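Chains S and Z supply the protein sequences, listed in that same order. Mapping of the first sequence onto our numbering: position 7 corresponds to residue 7, and the numbering continues sequentially without gaps. Mapping of the second sequence onto our numbering: position 77 corresponds to residue 77, and the numbering continues sequentially without gaps.
The hints are simulated quantities; they were obtained by calculation from the structure and are not laboratory data. Treat each hint with caution, since some may be false.
Cut-off 30 Å, straight-line C-alpha distance, at most; resulting in silico cross-link-like pairs (BS3-like, lysine-lysine) [claimed, not checked]: (1) S:K218 x Z:K377; (2) Z:K216 x S:K84; (3) Z:K335 x S:K218.
Just the calculated beta-carbon pair ranges, DEER-fashion [unchecked claim]: (4) Z:R18 x S:K13: 21 to 31 Å; (5) S:F5 x Z:S293: 41 to 51 Å; (6) S:R7 x Z:L99: 30 to 40 Å; (7) Z:E332 x S:I210: 26 to 36 Å; (8) S:V335 x Z:I243: 53 to 63 Å; (9) Z:G237 x S:V30: 50 to 60 Å; (10) Z:G368 x S:G195: 49 to 59 Å; (11) Z:N312 x S:L34: 39 to 49 Å; (12) S:V30 x Z:S293: 48 to 58 Å; (13) S:G279 x Z:N312: 39 to 49 Å; (14) S:P43 x Z:K377: 25 to 35 Å.
Nothing here was measured: the structure is a model prediction, and the numbers come from that model. Glycine included, C-beta positions come from ideal geometry on N, C-alpha and C.
Listed here are the chains, written in short residue letters.
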Amino acid sequence: MHIKFERRIEYSKKVLLAVPVITIGLSILVSSILLTILGKSVPLTMYSFFIAPFENFYSITEIFLKFGPLLLIAQALAVGFRAKVWNIGAEGQMIMGAVAASAVPVYLVESTSIFLLPAMLALGALGGMGWAAIAAFLRTRFNANEILVTLMLTSIALQILYYLLLGPWKDPMGFNFPQSVMFQDEALFTPLFQGTRLNTSIIIPILFTIAVWIFMEKRFGGFKLEVGGLAPNAATYAGFSAKGAVWSSLLLAGFAAGLAGMSEVAGPIAQLQRSITSGYGYSAIIVAYLGALHPLGIIFAAFFLAVIQIGGDVALVSADVPISAVHVFQGLLLVFYLATYTFVNYRLRIHRPGVLQSAKVSS
Amino acid sequence: MSEATTTPLLSLRKVTKRYPALIANDQIDLDVMSGSIHAVLGENGAGKSTLMKLIYGVIEADDGEFYWEGERVDLRNTATARRLGIGMVFQHFSLFETLSVVENISMTIPGNRKELAKRVLELGETFHLEVDPQASVHSLSVGERQRVEIIRCLLQDLKLLILDEPTSVLPPQHVRSLFDALRKLQSKGVSILYISHKLEEIRELCDTATILRGGKVTGAVNPNEKTARELATLMIGRNIPQIEARPHQRDTDEPVLRITKLSAQNPDPFGTHLTDIDLSVFGGEIVGIAGVSGNGQQELARIISGEDLSHNLPVSTIEMLNEPVASLNATERRKLGFSFVPEERLGRGAVPPMKLAQNSLLTAYDKGMLNRGFIRKDQVNDYTSKCIEDFDVRCSGTQASANSLSGGNLQKFIVGRELMLKPKLIFLSQPTWGVDIGAAVAIRQHLLNLRDEGIAILVISEELEELFEICDRLHVIRNGTLSPSLITADVTPDDIGEYMIGTAGAPGDAPQNEPEFANAH
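Isolated chain Z, as found in the complex (with noise of 0.2 Å):
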């Protein structure tokens, strides 16, 4: 580790960002020393994105100094942010991809191809970030797209890397990768602003971590002396609540939701085709579906939930509750005993500006709500009270709108909603997406009551943690293919990891460092 006592490389010196409801950075102090990987921890809504993207200049400060290598600055767009030396790789890549890795970075960087992907093969050669500078972009792996654009920083005298949530889309085998090349980064002298909400990671990887609470500093510390339980407590302030597991047996001997050999083409030429995908659900176990985001979870999720039947699937593709559903529209599904909370909340899970009443009314109107086409205010109104009871949802009540709620609040009122319907089977895309610890523990230990009074429960998620807490049973979706069944007690997150990237093959096999697809079909 490099030691810098002299000036730090960026000092931040009470900058504060207001926005109408909120104060998103409040007098924040930061300072990061060059060669150094820094962390920004906090949990989601904590701030950590809005003081990265006032650091690079996407948005512009309330109040507040800036200093580089000692002098003051004025970060007021992001050229001026890359003119000193900063590069960020935001969690949502902003690469075409239609065009080829250099095609993508001589969009920003001056200079001939030719002489471009020269420099892309060295700088990855020497940093560990190799990919083909001439492949398009849309047929390589998350993993590679994130190393385009950790290289297009790199191209432009880069002194400061940002990296927003970076591994919260890589399997744990490019994790690995990823932390090799951010070492052999710092070892050249480039600082790295880390931000995360996982605690192993930063403790394993990082030499200084800030932690955000509500837009406040509430320390800055060195992670390899804290334990992840004392960072937790500084980032949210309390002791993290446990869930209470019981190992659980199947309640039924048919499954309650069957999906047998369902193939879909997606009409969107860079989108993911479902090919072959079998998988059931029984009562009292909680399947969970892993993968790297972009793997054709959303699409399944829609052809699960009803929303999208533009496929045309023959009818006894799907089963739920013993009966062929392929055909029916969500309405249809709900009316048999099934609920699906989606992973969007505001525009899909809830209209965003109508009440919760309102919202209540969306999908629980079979629940005594209308009396011949007449909706029954109180009907509403006391089913929406009793979820926001029961599911400690914290708002003003039931006429607030849906979009005055944090997006844990909401989340907890949408699976609340679900839930009070009385569904036999529900499936839940990323339950606790956004949500913070304390709501997510509470989301995930109501599942596995549920489970326990024997309901069939889906789980998309690209939390492993969240998958290996509470499911009984796995599979990995890789490129539109579903993974055999496993169980979860028998495989490890590297076992999974390597369904991700697909080379598992024979269990017990060891990962490889590059992905050959040997996958079970």
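Looking at chain S on its own, in the form it has when it is part of the complex (with noise of 0.2 Å):
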């Protein structure tokens, strides 16, 4: 007897559906098997992941301030990886935009000016297009792989961040903590609700996943993109240029994370420190896989890994669960979500030869 993937001609939405629900359902199988080898009350960890953060309109609020960046940055991914350039790096770009667009409150400390958030924006669209641009660069002119280059990136990102904490940006009368000033209140968004952190940068992700479903449903520069991702040769024939391909998808994920990192600066954090990302970049990329890559799919899924980062913090004081739990939660989703998706391409047979076993082979 063996087992033998055979790939499916054909697949039903249906089965495109199951596969998030399977996903998540062995995600918090496996989750609670490990809680309970550390001896903690799985109900209880359950509760707090995915009923607590609903409990009060406080920590729903909190939701949608981390559905906000996670929904901006995975709709730009997932654009890319339909076009199959693989841009890791969303990390970096948020801190490259985070960064950039902290330099206008940084030097202009004094200024009241309605225009220090419009020039924030753009400087933080413009620092992660430009950290992504370098990327695109290498992989178009030298055909470095942009897998290596954009996580290398990240981590020149994250020293020059330091760097600036450290020295030339640290907050004089900080007491030497390696963050920047407070930023005044013309640089940050405004709440939506008084005494929570939600802000209006939430419409950004919003007016961004309308941008790209009509992009990848009606455009024809969606469709190149995904011809390119598909069918390489295909493009080369039609006349699509690949590199264009590598350029916008990763300019377009540089945009969005630089306005995710900008958003950040600009709203619940208020000053340019070292926490400023919270692994957003990479949680993105699991939210782009669970919503399929597919631009309604992605608002689910970023909501629901809103739901249990705001769980696990709850988790984390109720249940007594480490900090790491949400991070294994994440994990288990991103294997479950490729190892279920391989039966949608493929189904398993198990092969039994039968008559042909019983007959031995003479020579």
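Build the complex from these two chains, which are given one at a time in their own frames, with help from the hints.
Written as structure tokens, this is what we have:
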């Protein structure tokens, strides 16, 4: 008997929907086992993860605060992933967006101009795009693998951030803490509700999602990107530029990640400090895949991951689980997603040779 | 011919192999006598290659029984098959280009190299399969590589040799020496399973033919007693449609495509460099490029199509419709009235998982399918359904995905899509490769009709019969150089064959036994 993977000729939409459901189910199952081994209460942890975040208004606004950057970055990454451009350095692009945007309030400490925020938006987007452009250039000019380049650029971006915070941009009144001055109100988004951190920047990911959906579904540009990802030789045959696909995928991701970084420093954090990204750049990769690289699916996936991140914080306190529980759960999601997705394209066949088995070779 | 009235060497009973979408082999019965050259005849997709892979143990049967010299055997891997004395030469050779002949052989055959080299020479002499054991494989011609593969099988006490379309890669002259070798093998008691779709060859060489159609055996006959037409009817299940060709004069005074002194280095050290290629195609004529595969066809095709712009050719090296185009990409060339059908359908001419409608968009987007960058679905669907209808593409409709179509139907779709662009110059590479006879005839007829309307057509093909059927002029590509232009009506397939192997000097030269390079330059 042996087991074989056979390529499916066709698959139904139902299968595609089943993938995230099964993925989440398996992830919950395995993390329950891990929690039991750790001697933690599974029901309490699950309650903290999935129910507690919805128990009060403040934590619901916190979900949406996390939802924004995850959605924004994941939508852009998904476009690139569909074009088979593997940008895994959105984290670095986000840092550079935050750094570039922060230059405005850091150097114009006294300013109360209404142009502060628009200038930060522009610089944030440009900072992310600039950082992604390095990877695009190296890929198109020297064929340097963008997976490695974007990942390494993230490390460099972190070092730039640390340098600025420990040196030139350190708040002189900040008791030597590695952080910038607190930004003035004019450099910050307005909170949507009094006493919460959720602010007007939530509009950016929503507009961006609509734009990406139109681009991928209705525009020729989106079609060209997708052809490049599905069949590079067909793209060359049609005369679509492969370099164009790399550039536009990376610049789009840089744009979105840069804006996400800007939204963090001009939002909940209100200054430049070491932990501005909260790992959004990496979590967004999981969001993009869990959402099947589809604009609509990504909305649900981003919301789900936002919930478990808030839930993780709750569980930390109420169920006494380690902080890494959220990371483990996210990791499980990705692993099970990839494993489950295999079954969309392949079917498992257990092969029993039957009568043939009894016959022996004679020679 | 040896008679074997006793037990067959190999018998198959009700052998079945299923794939998710089709039954590749459906209850196949086959008896191969020892010392027989047994043909397996069928169209592309009839299940010939699957059947051979089952016998050689590359894939496993779902059902059925195999008997070797009367005893039940379980052919579940190639090692078993080889132990029984079965050898196979695939269509695509499995040799390492950078290694010598004897190094390649010693990878699968035990023994020291000196010993092996000696045996290679002996076997070469006995079976007319001469090859230099110390030569590097990349320096060998296709015919010589095939000999290496056959010798490799002979070195292991061979009883049954399986050859998969062995002549599709050979010029006519080398076909004859291959046949000599096969007859020699037969006289020493080796059985041969010979897969082909070429009827004349089979009638000349084989003593038995099993005919497959749609995965089933439709006949087991003596091919010498049947006409080619009868065999074809068994093979495709109906009469072969005939092409209607009228003589035609060129329609333009100036060539529509002119290539002057095109040379291109191939960055791949074992690739083919193109040297000094001169070629022109006028309106209202079909020009064919013949040649054994791997002589620069693919490189030339990519340069003409604009897919490969890496050579920085002087801009007037290639002129289309009197415009220098060497620096233009595929899109820009298409805008001038050029269209191209590549030899690979899935992944190049079409995007496999995309719908046919989306595949129309791939090259026909300029035909009113876009409105300021927005895709106009109605126009895309109209174009697609017209293509499906006019070119008789059998599919479930405009929303069928490209990879759900058979090779022939997808090719009809791609050819149709390109012809509907109303090009003035069309270039097709291997237009009927893997296409069933009916579809191939339809495509050729379309090309002839277009020629009569004054379109300039360039065709690269490895099927000499096809080129003779439709081309007004022919070139032969060999080793990256192009022969002078030959008027099809004035040459024979043998003349073309001489250019293929490089023995053609002045017309009328007798073919030499060993190719000596005496080409016209």
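Hint-by-hint comparison with the structure:
1. S:K218 x Z:K377: holds, 9 Å
2. Z:K216 x S:K84: violated, 41 Å
3. Z:K335 x S:K218: holds, 23 Å
4. Z:R18 x S:K13: 21 to 31 Å: holds, 26 Å
5. S:F5 x Z:S293: 41 to 51 Å: violated, 32 Å
6. S:R7 x Z:L99: 30 to 40 Å: Given range 30 to 40 Å: holds, Cβ gap about 33 Å.
7. Z:E332 x S:I210: 26 to 36 Å: holds, 34 Å
8. S:V335 x Z:I243: 53 to 63 Å: Distance hint for V335 (chain S), I243 (chain Z) holds at roughly 58 Å.
9. Z:G237 x S:V30: 50 to 60 Å: Holds, since G237 (chain Z) and V30 (chain S) (Cβ atoms, about 56 Å apart) stay within the stated range.
10. Z:G368 x S:G195: 49 to 59 Å: 56 Å Cβ-Cβ, so the 49 to 59 Å window holds.
11. Z:N312 x S:L34: 39 to 49 Å: Violated - the Cβ-Cβ distance for N312 (chain Z) and L34 (chain S), about 59 Å, lies outside 39 to 49 Å.
12. S:V30 x Z:S293: 48 to 58 Å: holds, 52 Å
13. S:G279 x Z:N312: 39 to 49 Å: holds, 46 Å
14. S:P43 x Z:K377: 25 to 35 Å: About 51 Å separates the Cβ atoms of P43 (chain S) and K377 (chain Z), which means 25 to 35 Å is violated.
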